[in-house]
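Protein chains: 2
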Amino acid sequence: MAKNTLVPFERLAEQFERLPGIGYRSARRIAYYILSLPEGEAEKLSGAIVEAREKIHHCPVCYNLTDMEKCGICSDPDRDRSVICVVESFRDVSVIEAMDEFSGLYHVLDGVISPMKGVLPDNLRIKELMDRLRDGTVKEVVMATNATIEGETTASYISKLIKPLGIRVTRLATGIPAGGNIEYSDEITLARAFNLRLDM
Amino acid sequence: MAKNTLVPFERLAEQFERLPGIGYRSARRIAYYILSLPEGEAEKLSGAIVEAREKIHHCPVCYNLTDMEKCGICSDPDRDRSVICVVESFRDVSVIEAMDEFSGLYHVLDGVISPMKGVLPDNLRIKELMDRLRDGTVKEVVMATNATIEGETTASYISKLIKPLGIRVTRLATGIPAGGNIEYSDEITLARAFNLRLDM
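Here the protein sequences come in this chain order: A and B. Heads up, the first sequence stops at 200 in the working numbering, and the numbers go up one at a time, no gaps. Heads up, the second sequence stops at 200 in the working numbering, and the numbers go up one at a time, no gaps.
Treat the hints as calculated values from the structure; they're not laboratory data. A hint or two may mislead.
No copy is singled out in the list; a pair is fine if it fits within one copy or between any two copies.
Said to hold, decoys possible - Computed list of lysine-lysine pairs in BS3-like fashion (alpha-carbon distance at most 30 Å, straight line):
id	residue 1	residue 2
1	Lys44	Lys117
2	Lys55	Lys44
3	Lys55	Lys163
4	Lys44	Lys127
5	Lys139	Lys55
6	Lys117	Lys127
7	Lys127	Lys163
8	Lys44	Lys70
9	Lys139	Lys117
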């Protein structure tokens, strides 16, 4: 697809090209599509961007996204306040909520410790997590960071801070995924599945 | 990926889902990305949408897109005013311009005749094309509609209107594309390539 010489067109296409999963050609296809939309339709998209940015902010308790003062989970009286599930990102909250198995609260770290990328413990919301544990309500913290090296490092770093408080710290099980094939499992997953093998 | 219960989030994701090539999951990934952008960055995207929609309009002569009074091609004194290339869409103009072989003017029909989809000759800019041919400047009209049934029908419909004016009407050649493989050519392309075979 050729570069269009129209400046506002290229500026629009370049903005779309910056979004995840959208390349040069798709960005231009979308830009053309936007120009061909009936009156008012493109404005719905630009309006939704502005609205989402204005209304959505972090919950001051758990740092999940919300458009209310506190997020729906933190303000729900039926949630179990004795368990906090620690996740890397607000995206993980929706995934765990969709599972419909966990009834506790969350704490969004907003990243993982990664000295290579310049992310140190102080850049994450670890201090805020520790503050939430001080009043004795929380009996268990479930570390649900990703099963990556950085995720594991972050989980064990936080775990060491929490244990002296006498609070139970757990970690999501790792192993072969449901429907997973041993032949195609990587070595680390397989080794963990062996080490954590269960009696039948 | 789970449905997020935040209304402004879902509204944003749904707007992205309507764009070409963006599905349910990508739309949500983009919506999360937009919420994580630093201050001012998401506003560049919404601003580019509003700007493109406000500034870009159809050239009143050829119906190509422009942000000036007349488009850059129609107002360029070096273009050959004796040839008009008729295309279905403004997207085709950039593709032909990128080829850098054609120095004439364009006429954007804004579609093809398709009774099935309710597009009749009156819905296209055919009358406007005929008006451009009346003063005798144009000596040739190149039909560059797509090589589809609808594109061919539209080309031959317009050709029949133009020929009585004594203006030459030509059609882009059809055949096996450059680098194309006979084994993988469809029957219609192959039949045309045979019928239009050239002496070597």
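Here is how each hint holds up against the structure:
Taking the closest pair of Cα atoms, Lys44 and Lys117 come within 30 Å of each other only across two copies (26 Å); inside a single copy the shortest separation is 37 Å, beyond that limit. When the C-alpha separation of Lys55 and Lys44 is checked against a cutoff of 30 Å, the pair qualifies both within a copy, at 16 Å, and between copies, at 18 Å. In this assembly of identical chains, the alpha carbons of Lys55 and Lys163 never lie at most 30 Å apart, being 37 Å within a copy and 61 Å across copies at closest. In the homo-oligomer, the alpha carbons of Lys44 and Lys127 never lie at most 30 Å apart, since the shortest distance is 39 Å inside one protomer and 33 Å across protomers.
Taking the closest pair of Cα atoms, Lys139 and Lys55 never come within 30 Å of each other, the shortest separation being 33 Å inside a single copy and 59 Å across copies. When the C-alpha separation of Lys117 and Lys127 is checked against a cutoff of 30 Å, the pair qualifies only within one copy, where the shortest distance is 20 Å, while the shortest distance between copies is 61 Å. Taking identical chains as interchangeable, the C-alpha atoms of Lys127 and Lys163 lie at most 30 Å apart only when both belong to the same chain, with a minimum of 15 Å there against 80 Å between chains. When the C-alpha separation of Lys44 and Lys70 is checked against a cutoff of 30 Å, the pair qualifies both within a copy, at 27 Å, and between copies, at 29 Å.
With identical chains, the CA atoms of Lys139 and Lys117 are never at most 30 Å apart, being 33 Å at best within one copy and 64 Å at best between copies.
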